[in-house]
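**Q** In case you want the letters, here they are:
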Amino acid sequence: MSTHNKLDIAREQLRTAVMLYCSGRDRFSAITLAGAADVILSQLLLNEGKENFSDLLMRKDAEATACTPQRAAHGRAVNDLLMINDMKHMDHGDDDYVEMDVRITGLATVSKAVANYVALRGDDEDFVEVLRCWARVFTPKGLDPEGNAVQ
Amino acid sequence: MANMAKIRYRRLDLAARQLETAVWLFLEGKDRFSVITLAGAASGIFTQLVLNAGRQPFADYGRLIAREQTGVEPQRAAYIRRVNLLFGVDFLKHHAADDPLSVEFDEHWAAESAITRAMSDYIELCGQELPFVKAFLQYTWVTRNGPEVMKAYDAQPDRVKRLKKR
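As they're listed, the protein sequences go chains V and B. Heads up, the first sequence is in this note's numbering, so the first residue is 1 and it goes up one at a time. Heads up, the second sequence is in this note's numbering, so the first residue is 1 and it goes up one at a time.
What the hints contain is simulated information worked out from the structure, not anything from laboratory work. The beta-carbon is built from N, C-alpha and C at its ideal position, and this holds for glycine as well. The reader is advised that the hints may include incorrect statements.
Footprint (simulated), chain B over chain V, 3 or more residues, beta carbon under 8 Å [as the list claims (entries may be wrong)]: (1) 2-8; (2) 15-26; (3) 30-39; (4) 44-50; (5) 83-92.
Please model the entire structure based on the sequences and the hints provided.
**A** Below, the structure written as structure tokens:
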């Protein structure tokens, strides 16, 4: 038996997620791992009295709509958008197929978790630099609404 | 994200891909936490797919073994929750405000166990021909002394052996 810090666990999951995503080896697994790490990192940020990425999105939603969403409902909506639950769960009656753009969904999931990690512990880790380099090469000016790199 | 270039994927393929990556990480000696997370995610899909195919998932076989040992057959959802806790699947993807900041568990054992559960359901659906399946089975046959395990299984009463539906 060994004792493991939750932050260390999330860091390892996120490092593996970034490597799987940026190498193109397995972007489905990158979503699952970044999604798991993000849950831990989001709560660790709240424990330190800091705003996590979901809260930032909620605040922007509230500013745009003058209506503050519930944190749990907002979190579920983001998870659904990123297909995180579809990657780890199937219920009776669910379709045998799912439709997704794994390149965009994976990038969004990994980026969200990395943003939370950086807010918590800074950007010194190797995987933060790997994702940054990948983005500079493949999406130097960001993405358009259809998920294509802006030229 | 409404205009993304979406592709249709079989859930079976999503789960199999995650299991294959879990096996690769495990055999490479890499990140055990990710192995457990990925194998746990694959199981969350395989269980329903095996049920949909009219076959017996790992969870249902385990419930029958639990009944044999304790006289009580747990509900499927309760059994799966318990196994997920045992393998560390849950605390690797959850963290509540009042949860402890550290956890204690044997990550190598948990990783191997989580893969074994998912692999059992994958084999039920797809057989054992793919290289990643063979690689994991060969690894456990050697490291867990396969002949001794089979000898112990053969020594079980027929009543117990029949719990596994073929």
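**Q** Indicate, hint by hint, whether the structure satisfies it.
**A** Here is what the structure says about each hint:
Only when three residues or more bring their CB closer than 8 Å to a CB of chain B does the claim for the stretch 2-8 of chain V stand; here the count is 6, and the claim holds. Counting residues of the stretch 15-26 of chain V whose C-beta lies closer than 8 Å to any C-beta of chain B gives 6; at least three are required, and the coverage claim holds. Note: the stretch 30-39 of chain V has 5 residues with beta-carbon separation from chain B under 8 Å; the three-residue rule is met and the coverage holds. Look at the stretch 44-50 of chain V against chain B: 3 of its residues bring a Cβ nearer than 8 Å to a Cβ of that chain, three or more, so the hint holds.
Judged by the Cβ-Cβ criterion of 8 Å, the stretch 83-92 of chain V is covered by chain B as claimed, because 7 of its residues qualify and three suffice.
Hint violations for this structure: none, all hints satisfied.
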